[in-house]
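Top line first, the protein sequences correspond to chains A and B. According to this note's numbering, the first sequence holds residues 1 to 467 in order. According to this note's numbering, the second sequence holds residues 1001 to 1195 in order.
You may find that some hints are simply not true.
From the derived model, a few chain B residues whose C-beta atoms are all more than 12 Å from chain A [to be verified]: (1) 1004; (2) 1055; (3) 1065; (4) 1095; (5) 1144; (6) 1172.
Sample of chain A residues facing chain B (criterion: CB under 7 Å; computed from the structure) [as the list claims (entries may be wrong)]: (7) 284; (8) 288; (9) 352; (10) 356; (11) 357; (12) 359; (13) 367; (14) 403; (15) 406; (16) 413; (17) 428; (18) 462; (19) 463.
Each pair of labels, with its calculated beta carbon distance range [to be verified]: (20) A:461 x B:1056: 17 to 23 Å; (21) B:1064 x A:133: 58 to 64 Å; (22) B:1122 x A:128: 56 to 62 Å; (23) B:1064 x A:53: 29 to 35 Å; (24) B:1127 x A:69: 45 to 51 Å; (25) B:1069 x A:128: 57 to 63 Å; (26) B:1118 x A:273: 48 to 54 Å; (27) B:1064 x A:93: 36 to 42 Å; (28) B:1072 x A:273: 43 to 49 Å; (29) A:354 x B:1021: 35 to 41 Å.
Worth flagging that the hints you see were computed from the coordinates, not collected in a lab. Source: prediction; values computed, not measured. Note that CB positions come from ideal geometry on N, CA and C, so glycine has one too.
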Amino acid sequence: MLTLLPAATSADEKQLSVYAPVATYALPIHERSGHEYVGLLELLEPLGRVSSEASAGRWRIRFDAIDAEFVPGKTRARVQGREADLTAPFLVENGRGFVSVASLGTLLPRFLGSAVNFHESARRLFIGDVAVRPNFRLETDPQPHLVLNFAVPVNPTISTEPGRLRMVFKHDPVVAPENANTGFDNRVITQATFSESNGVAELEIRTSIPLIASFSNNARTITLSAAPAAAGSNSNSQPAQGGAPPAAGNPVTQPSPSPSSPAPAAAPQNVNRLLVVVDPAHGGEERGAALTDKLAEKDVTLGFGRLLRHELEVRGFAVLLLRDGDNALTSDQRAGTANVTHAIVYISLHAVSQGNGAAVYTALMPVAAQSNGTFRAWNSVQASALPASRTIESAIASELAKKQFQVREAAASLRPLNNVTMPAVAVELAPGPGGLLDLASASYQQKAAAAIADGINSVRDRLVAQP
Amino acid sequence: MIPRSLFITMAIMLVLVISLGFYFRRMQQRAYEVEPAATAALPVTPPASGPTENVTLYVADDAAAELRPQSAKIPLPGGRQQRAEELLRALLRIYQQPGAAHPLAAASDIRSIYLVDPGVAVIDLNAAFADQHRSGIMVEQLTVNSLVETLAANVPGVQRVSILVEGKPRETLAGHADLTEFFDVQTVGQLVGGQ
């Protein structure tokens, strides 16, 4: 029996999945006084320009051109001058504002101006017309096989066990088919059941034989058919973007290479676009620098990373955000995940309270360990990509300078830069003219993120031409 | 017969002497109580002895984000290892002065430096050096570069430098600068020279 690959979010950790045309992401749910809450700033950040401030006992937020005002402990808020009722009192913790999850269905349309479909019990939020409804077709010639069609490419985690095959959609806006429970008049493939909970959707296929899943039509079609008789194991799991090819006898096939461990927080869905790996540094117990008494580096890098993902996606890049929650990753895990993606660039994001502006770094290579034949030393794999890394460093620094950031370029012994095979840079965001408050400002972060995305975009052709 | 006025004066003086005795004893006890706490956070470093020599220290400047060579005349003992230790302690004293351009905690110290042939230097920092170091890519890298470059410039033959904390390997100085690998003196030198 094969072991299950680790998931980015533990099974008992509550999360809210958000699917929007510009971004797909998951946010942690916080429970207070019997209510489920989510950070409003974190929720809106990937969707547009957002900033917040707390003063005179009120918490104000500006999203694009929409202003809203909340009062801690109260259930009444004002959005664009109009009152809005919350299902539970508004909370402020460490300067961050939290709204009850049950309020989102009515509150969010006021900010977004577009339709919001909230599957509250499943904690899945669909913004705009993004939902994807699968279509089943059972064919019996020459062998029974089930064809699932989706309107957009999908990327489920697939696992099998005796009598069933499960497809878990963590990052895809898949919703229930016309019949959530579909029976088939077939002895081999008998039933397909859709369910959704805790931010993920699941399709379970009942079967009397081991099945193999194959992808086609640019990951829009999944065909489930009988596994080869030689299949030796009867239970396994692979993320659809899983890096290593399936082992011999493994009845699950996957369309593209991807990381083996740990599972990334989000995965690019369009394999034709150039991929950028964005790595918000620190996370979990590793808080990074204490930027203020209440503001940790790990929180700034996460918000900054989400904004950078958005800016890159707007410019046509696919983005793999290595951390999309408050989870810890080791340097080796970050490098290992990035190295199997064949991305054109890896960006590590940091924040610091000293200095001002931003600094862009490439790897300061240590004394290289011994390479052995075709195996290159782990501590110096970046060496061959260093010239390209410096090209990107200069491009990003140039764009930051254009946006009035005081910027420095340097080399630093900062892991995992030296462990990454692709061009790799780190960006350290320091306070701007507004001082330390800038670091928590979404508009300041967004300005830096736009500059970084512009910098990468400006050397896109040269990166593609890299061997 | 002792005059009454003289008797009273002597009595007053006696009372004063006894009171002052108690007071001084009390003050002395207080000084003993306070002194250990005041010195506990400071490094215990024997004063260097030996003839003074001219050395070049590479001193970090946070505002400029660079190292600047600074000449200094410091007493250096005879042994190669002790010379290296005194050299870096002289560097630390600059960082521990009020208003330093790259401040380090007052309790920061070099526990020891091991010079291992061929060309390897191992710097062993005390826990306070790392634990109380400011966190950030630039500030940590400046510290590392300053130690490596100062050592390399004044101790001939050093090609690679490793940094330990309390005698043990440590992943990072304060969350960023990687301490798990050997620093290549030539690479760091190019970095410093290229600033």
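Here is what the structure says about each hint:
1. 1004: 69 Å, holds
2. 1055: Holds: least Cβ distance 25 Å, greater than 12 Å.
3. 1065: 5 Å, violated
4. 1095: 15 Å, holds
5. 1144: The claim breaks: residue 1144 of chain B does not keep its Cβ more than 12 Å from every Cβ of chain A (closest is about 7 Å).
6. 1172: Violated, since 8 Å does not exceed 12 Å.
7. 284: This interface hint is violated because 13 Å lies over the 7 Å limit.
8. 288: Holds - the Cβ of residue 288 of chain A comes within 7 Å of chain B, reaching about 6 Å at its closest.
9. 352: 4 Å, holds
10. 356: Violated. Min distance 10 Å.
11. 357: 11 Å, violated
12. 359: With Cβ-Cβ at 6 Å, under 7 Å, it holds.
13. 367: Given a least distance of 4 Å, the restraint on residue 367 of chain A holds.
14. 403: 20 Å, violated
15. 406: This interface hint is violated because 10 Å lies over the 7 Å limit.
16. 413: With Cβ-Cβ at 4 Å, under 7 Å, it holds.
17. 428: 5 Å, holds
18. 462: The hint is violated - residue 462 of chain A has no Cβ within 7 Å of chain B, the shortest such distance being about 23 Å.
19. 463: Interface hint status for residue 463 of chain A: violated (23 Å vs cutoff 7 Å).
20. A:461 x B:1056: 17 to 23 Å: Given about 45 Å between the Cβ atoms, the range is violated.
21. B:1064 x A:133: 58 to 64 Å: 60 Å, holds
22. B:1122 x A:128: 56 to 62 Å: 59 Å, holds
23. B:1064 x A:53: 29 to 35 Å: Given a distance of about 33 Å, which is inside 29 to 35 Å, the answer is holds.
24. B:1127 x A:69: 45 to 51 Å: With a Cβ separation near 48 Å, residue 1127 of chain B and residue 69 of chain A satisfy 45 to 51 Å, so the hint holds.
25. B:1069 x A:128: 57 to 63 Å: Holds, since residue 1069 of chain B and residue 128 of chain A (Cβ atoms, about 60 Å apart) stay within the stated range.
26. B:1118 x A:273: 48 to 54 Å: 50 Å, holds
27. B:1064 x A:93: 36 to 42 Å: 39 Å, holds
28. B:1072 x A:273: 43 to 49 Å: 56 Å, violated
29. A:354 x B:1021: 35 to 41 Å: 53 Å, violated
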